[in-house]
Amino acid sequence: MSVMNDIDMAAPRREAWRPGKVFWGVLSFATGIGLWWLATVLGFSELPDPFTVLGRIVELALSGQLWVDMGASLRRVLIGFILGSALAVPVGFLMGWYKVARAIIDPWIQFFRVIPPLAIIPLAIVTLGIDEKPKIFVIFLAAFLSSVVSTYQGVVSVDRTYINAARVLGAKDRTIFLRVVIPASTPFILVGFRIGLGSAWATVVAAELIAAQSGLGFRMQQAQLYYDLPTIFVSLIAIGILGLIMDRIVVRAEERLTHWQERI
Amino acid sequence: MTGDPHKISFRNVSKVFGEGANAFTALKNLNLDIADGEIVTVVGPSGCGKSTAMNIVAGLTEVSAGECLVDGHPVSGPGPDRGVIFQQYALFPWLTVRENVAFGLMLQGMDKQERNARADHYLELVGLGDFGDAYPKTLSGGMKQRCAIARAYAVNPSVLLMDEPFGALDALTRVRLQDQLLDTWSKDRRTVMFITHDVDEAVYIAHRVIVLAARPGRLQQIIDVDLPFPRTEDIRLSPEFTAIRNQVWRAVYHRDETAAA
Ligand SMILES: Nc1ncnc2c1ncn2[C@@H]1O[C@H](COP(=O)(O)OP(=O)(O)OP(=O)(O)O)[C@@H](O)[C@H]1O
Ligand SMILES: [Mg+2]
Chain A
1 MSVMNDIDMA APRREAWRPG KVFWGVLSFA TGIGLWWLAT VLGFSELPDP
51 FTVLGRIVEL ALSGQLWVDM GASLRRVLIG FILGSALAVP VGFLMGWYKV
101 ARAIIDPWIQ FFRVIPPLAI IPLAIVTLGI DEKPKIFVIF LAAFLSSVVS
151 TYQGVVSVDR TYINAARVLG AKDRTIFLRV VIPASTPFIL VGFRIGLGSA
201 WATVVAAELI AAQSGLGFRM QQAQLYYDLP TIFVSLIAIG ILGLIMDRIV
251 VRAEERLTHW QERI
Chain B
1 MTGDPHKISF RNVSKVFGEG ANAFTALKNL NLDIADGEIV TVVGPSGCGK
51 STAMNIVAGL TEVSAGECLV DGHPVSGPGP DRGVIFQQYA LFPWLTVREN
101 VAFGLMLQGM DKQERNARAD HYLELVGLGD FGDAYPKTLS GGMKQRCAIA
151 RAYAVNPSVL LMDEPFGALD ALTRVRLQDQ LLDTWSKDRR TVMFITHDVD
201 EAVYIAHRVI VLAARPGRLQ QIIDVDLPFP RTEDIRLSPE FTAIRNQVWR
251 AVYHRDETAA A
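Read top to bottom, the protein sequences are chains A and B.
For the record, in the first sequence the residue sitting at position 183 is 183 according to the working numbering, with numbers rising by one throughout.
For the record, in the second sequence the residue sitting at position 174 is 174 according to the working numbering, with numbers rising by one throughout.
Extracted from the complex, chain B is given alone in its bound form:
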């Protein structure tokens, strides 16, 4: 860590895809600071640049203008300090569940016995202790995503970037995984940037909800979620939760309400 108190900073970040007549501004002048240990969720209409913003932090996409800092340093390419969990799981189908989780450790040169032990530890953590030898094709969607989470955790990143990680899952599994994420967070306090389409999910797990607007993708509003941790069912069902949820909903879906009326 340097003098910068922020874990992740977007400084006037713009991203343009394509050139000339085909140029498309996916993100325009985004300014955003995310504190160390903070959980922010990012919501907004489809195509507003949520994935683009996350891929910039991950180092998978380069900025067109401005800069993105992680720990005060400009991002230059991906690295194991930033774990990414993709919506499509992206497990390697040719590797077993254990080998998937151990993949990042293997890249670090850890010997097989040690990395398998580490992998098993993380599989245990996400409730897949018995599935180490299985191949991904035999897992359900929820199990695949838990395996992907274990794979990201295994290299011990200080930032978790999650792009609609629970989007493809049923409501019950989703709630379970949200609680599991918060539970793990309460122990390690990693910084989390979490993209979702689900307003309830966005409010339930976050310190702050970042609302983006589309065309061009830009910051619309930041909504503080003033609810205590640990988050529980009671909180989820409280009037305070509902009030914030409604506020986020309006910011995402009804921003033109006054104009249209």
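So that you can see chain A by itself, here it is in the shape it has in the complex:
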């Protein structure tokens, strides 16, 4: 930053100001909301206008309802995601490292991967009851399945030359695993986390639409019953923003942990 300032001061008026990424992003966003407002004012659409939605946001935020809903959804996602990833990483390593483990576990994972997590809900409700357990379980499953596949892809695609380079320096299996396989597959694992978190978030909202007494999905479902469009909008916006924030956090962590990677 300071370097940039120095350059600016050293060479004032060298070239005209050029709008950057942020400028275009903000402009695009503002235009979108403008069009939305226009459409509602001109009566093209049944949708609530932006100011009504803003008013509802303030209302729900002040009453605390919004925070309670967000908290309930986030809590489920985080518990399910953390449990799912925590199991996915060791299982993925096991599958990548031992061929037998891969042969035993892989068919199951391939099978469950093609079942949408939501399709598990009826089964989960019948067997686990109607409280938090079935929802957390399907999120756990969604996060686990995405992370386990990428972890094991990461392990099997570790470059042979790294392993050989470690072996000729005297490394044995244990060290190779800890010092080569784990760091070399970290980028894959983090990509898996990102996908896993995304699918966990998608799953929680859908699960709440089907079976919940709290959360953003539940709120939307309630609003639907009462034709309460502004509240549906508020929930959608909250879902989008929270999803975006979680994704950014994982991307940041990714950049931090894999800064050594050559990027094109």
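Read the hints as simulated data drawn from the structure, not as lab findings.
Heads up, a few of these hints could be off.
Stated by the list, open to error - Per label pair, the in silico range of CB-to-CB distance:
#: 1; chain 1: A; residue 1: Arg256; chain 2: B; residue 2: Asp234; range: 51 to 57 Å
#: 2; chain 1: B; residue 1: Asn29; chain 2: A; residue 2: Val156; range: 33 to 39 Å
#: 3; chain 1: A; residue 1: Arg252; chain 2: B; residue 2: Ala214; range: 49 to 55 Å
#: 4; chain 1: A; residue 1: Trp24; chain 2: B; residue 2: Thr138; range: 30 to 36 Å
Claimed, not checked - Sample of chain A residues at the chain B side, in silico, Cβ under 10 Å:
#: 5; residue: Phe23
#: 6; residue: Gln153
#: 7; residue: Ser157
#: 8; residue: Thr161
#: 9; residue: Ala166
#: 10; residue: Val168
#: 11; residue: Gly170
#: 12; residue: Ala171
#: 13; residue: Lys172
#: 14; residue: Thr175
#: 15; residue: Arg179
#: 16; residue: Val180
#: 17; residue: Ala184
#: 18; residue: Ala202
#: 19; residue: Arg256
#: 20; residue: Thr258
Where a beta carbon is used, it is the ideal one built from N, C-alpha and C, also for glycine.
Got chain A; can you put chain B with the ligands on it based on the hints?
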């Protein structure tokens, strides 16, 4: 050292990859002795088994028949007594340059301060003293290879195995690294087995050039390089050098000359 005067010996070594109909003989009945402190270069057409032979010494590949001895003992797996420098550098990208060089020392249980000091010493030696904290992605090809050389030197191996180490580098960098290798060798006299595609390089750094033939991979010819050390630019440009170079060239590329004519 035992009674065997050779540092590395191939005794009737054969290597077959695959089985049955897919079996492929990469090396057939290779016999070769390399003396302690000798520099041999290995040349030959692609696929003639150069890397296979080196990986056998390194302990990364097992022989199918015969045996490979290092210091008179059959090779059983890799070990830090044989340093390997790969063509693709194979630096760990998640470690800094210093941590890469210190990797082998860490495996030996040396404490951090000591191994960092050792690593810095070897980095200094290859001219990377200022780059200890850098990550490999920020280095040029030549710098990466020098870092890989420092990493191999750091564990003080008695044999250096180099598989086309300078193959990916530009001509100037390559000549510099050849001189640097010879310079280091003149001080420590390590045994060096060096694979290359470059005939000039093969002659310039070697006591002997081993020429392999392909299909199946086998020994074609051994050419003594009767040129004095230290090797200099004058030697490189001398008629004697050119004569040996031509001899190696013919052995590699024109062995069928008489048959074809
Ligand atoms: N793991 C393997 N499995 C099957 N075949 C192999 C394997 N490794 C090498 N080969 C075969 O053995 C032969 C010799 O390979 P090698 O890598 O030793 O050749 P090279 O002389 O080093 O060639 P280049 O100059 O291209 O590096 C090749 O034909 C190769 O296809
Ligand atoms: Mg090769």
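Here is what the structure says about each hint:
| no. | hint | result |
| --- | --- | --- |
| 1 | A:Arg256 - B:Asp234: 51 to 57 Å | holds (54 Å) |
| 2 | B:Asn29 - A:Val156: 33 to 39 Å | holds (36 Å) |
| 3 | A:Arg252 - B:Ala214: 49 to 55 Å | holds (52 Å) |
| 4 | A:Trp24 - B:Thr138: 30 to 36 Å | holds (31 Å) |
| 5 | Phe23 | violated (31 Å) |
| 6 | Gln153 | violated (18 Å) |
| 7 | Ser157 | violated (14 Å) |
| 8 | Thr161 | holds (4 Å) |
| 9 | Ala166 | holds (7 Å) |
| 10 | Val168 | holds (4 Å) |
| 11 | Gly170 | holds (4 Å) |
| 12 | Ala171 | holds (6 Å) |
| 13 | Lys172 | holds (9 Å) |
| 14 | Thr175 | holds (6 Å) |
| 15 | Arg179 | holds (8 Å) |
| 16 | Val180 | holds (7 Å) |
| 17 | Ala184 | holds (7 Å) |
| 18 | Ala202 | violated (32 Å) |
| 19 | Arg256 | violated (12 Å) |
| 20 | Thr258 | holds (8 Å) |
Of the numbered hints given earlier, the model fails hints 5, 6, 7, 18 and 19; all others are met.
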